[in-house]
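Enquirer: Residue numbers (this note's numbering), protein chains in the order written: chain P, -11 to 234; chain Y, -11 to 234; chain G, -11 to 234.
Calculated from the structure, these hints are not laboratory results.
A hint or two may mislead.
[Unchecked claim] Negatives, chain G to chain P, calculated, CB over 12 Å:
| # | residue |
| --- | --- |
| 1 | 2 |
| 2 | 4 |
| 3 | 9 |
| 4 | 12 |
| 5 | 15 |
| 6 | 30 |
| 7 | 49 |
| 8 | 65 |
| 9 | 66 |
| 10 | 71 |
| 11 | 85 |
| 12 | 100 |
| 13 | 104 |
| 14 | 118 |
| 15 | 131 |
| 16 | 177 |
[Stated by the list, open to error] Output of the computed footprint for chain G on chain P, the stretches with three or more beta carbons under 8 Å from beta carbons of chain G:
| # | segment |
| --- | --- |
| 17 | 20 to 30 |
| 18 | 95 to 105 |
All values reported here derive from a predicted model rather than from experimental measurement.
Glycine residues also receive a C-beta, built at the ideal position from the N, C-alpha and C atoms.
Okay, here's what each chain looks like letter by letter:
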Amino acid sequence: MPARRPIVTFTTDFGLSDAYAAAMKAAVLRQCPEAVLVDITHQVSRHDILAGSIALERAIDAFDAGTIHIAVVDPGVGTDRRVLIVEIRRQFVICPDNGLITWAWRRQGPGRAAELLWRPDTFSATFHGRDILAPAAGKMAAGLALATKAITDPMLLPVSPAATLVDACVIHVDHFGNATTNVSQDLLSDGGSVRGVGELRRSYGEVERGQPLALIGSSGLLEIAVREGSAAELLGLKVGDKVIIQ
Amino acid sequence: MPARRPIVTFTTDFGLSDAYAAAMKAAVLRQCPEAVLVDITHQVSRHDILAGSIALERAIDAFDAGTIHIAVVDPGVGTDRRVLIVEIRRQFVICPDNGLITWAWRRQGPGRAAELLWRPDTFSATFHGRDILAPAAGKMAAGLALATKAITDPMLLPVSPAATLVDACVIHVDHFGNATTNVSQDLLSDGGSVRGVGELRRSYGEVERGQPLALIGSSGLLEIAVREGSAAELLGLKVGDKVIIQ
Amino acid sequence: MPARRPIVTFTTDFGLSDAYAAAMKAAVLRQCPEAVLVDITHQVSRHDILAGSIALERAIDAFDAGTIHIAVVDPGVGTDRRVLIVEIRRQFVICPDNGLITWAWRRQGPGRAAELLWRPDTFSATFHGRDILAPAAGKMAAGLALATKAITDPMLLPVSPAATLVDACVIHVDHFGNATTNVSQDLLSDGGSVRGVGELRRSYGEVERGQPLALIGSSGLLEIAVREGSAAELLGLKVGDKVIIQ
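All chains should be built: construct the whole structure from the sequences, respecting the hints.
Expert: Right under this line is the structure:
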């Protein structure tokens, strides 16, 4: 399917202090030794499906056709929740059917979804990432077909790009304390002003150090930032907060 | 020795904020440019040989014959402690002789141990990972022979898989707050019940959110977990705690 | 330019919880699918150019001719600060012209500096790492030429290797709490003693656990450490502190 060396990415809440991420990589390399492995992040907050969903969308935005993305934030592991393979922008996501696909589906899709029917001969009840998703991704990377069944109802979280400015809210706080909103730049083509923050700027340098600003971030969404500081800390912003745009 | 692109893994307590891990990777790539480098973890607690030992065992469990594992938790660097090359399950570990091999030796071995006699022309007194272990691993990955001497007495920590349920204790707390014990599933083939936690379950979904449970984790050992929570926090569990199984 | 599989490294303050580092990797792989990608660190403290500068110098020290290093600690992104390509020891650094090159320039250089004139057709105002530096590094890795202009005035921070022992100060505190100074081993060829710490030692094992010591660290600089402990914590050391050497 992909080019000579297929790219496989990893988005999880496994953290970096255990061997969990490496165990998935071993499973991919077993199936496809020439795969190029790229970590998106393993520091999604534990069980935070929305945050994982946003990181996954960023991965799809960054990579090209043929890339295979493994995403595992999976509090329901071992229950009967489905495993999905979703094709979006000619890339492939393999993830549990628990809403992880939401932000990619809404911003980069909709995609074509299928339930993964393939299972290995034996697998644990607690680590499907290693035992099912990674081997399946490795097989896909190696060009092998997997048993799947087309579906039309992937689970989607109740979060969407804002249809109008009235729906604006914070969907993510990043490492820098920048608060990303659900407002795409299209809604702000005539400019705008965020209450308590000021008018839309182009870059951090347009305000003094320590001052807040609103700008279109690298994801094409409205962000609230503080120059060389943390908007989340200075303004007390957190995921879910309403943002008032005038 | 290994396949076309040998896999070299890294397990250290170096953290991720300095260039230490990358310096080891540079040393491997210098010897073997086609090596596939996989981080197991660099977040072993500083100088915590037991924790490093458990991560290393997980690495050996995950990978296949021919893989080379570098493990460096090395408070004795620069003293006369030996450097080991240990073959376990047709994989190779290179590590200081300070107990790091313990958990792999006891769960996946015993292996065949040798002292690494090879030394580069010059090396620092404080970073043998970069100056000795990584170049040696790179040479092994490139198929070169190294001067070694067979030994039979690798240093082993006083920790073992439980022989009976009476020996049960916590050996590791993971990123999720799950407490792994030294009790393998073989000892629980007839089920069992952990005092204060309840009977053995199969998956997290069998209890309510926030409730503790006992189950066989992905390493084949008894774990104490809390569904979508932290057992370490909720139950105050830490490494070394006795676990009462009925 | 480099060998068959060019090495591209990454030094940033992006952290590991977002997809920012992966977005740069995607941009490199798009231009040069066979590149070997190595993280130096993404945990430089936010906007800490000096700390990034020191990690970058360690990267250059570790790798060989032909390696391409991307460094992004870039509070001025989106302003008119220049982007540099600097050749040092036949390796190539691409970074903002804000002082990031300082420590490599002073310890491994001076190098040959050029301003990167090339720009892609479109790029964001907030993420030049993804949109300019990584694609440029990928093109370099693929052997393509980029429009540049030689310069002689890269921005350099006011920090240098100590000319005499009187200039000694702490320039970095690492993951272990070791405090690295700006004093190279050349200045201590006759030994020396650090006030409050004692005479120069060769390895950690020469003092008791929990005791402080001075030694030449793996970077060839004087370090103040505590055996199996943190000098930064025990002695309250931080970047900029004067060190008295007798």
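Enquirer: Check each numbered hint against the structure and report the violated ones by number, ascending.
Expert: 1, 2, 3, 4, 5, 6, 8, 9, 14, 18
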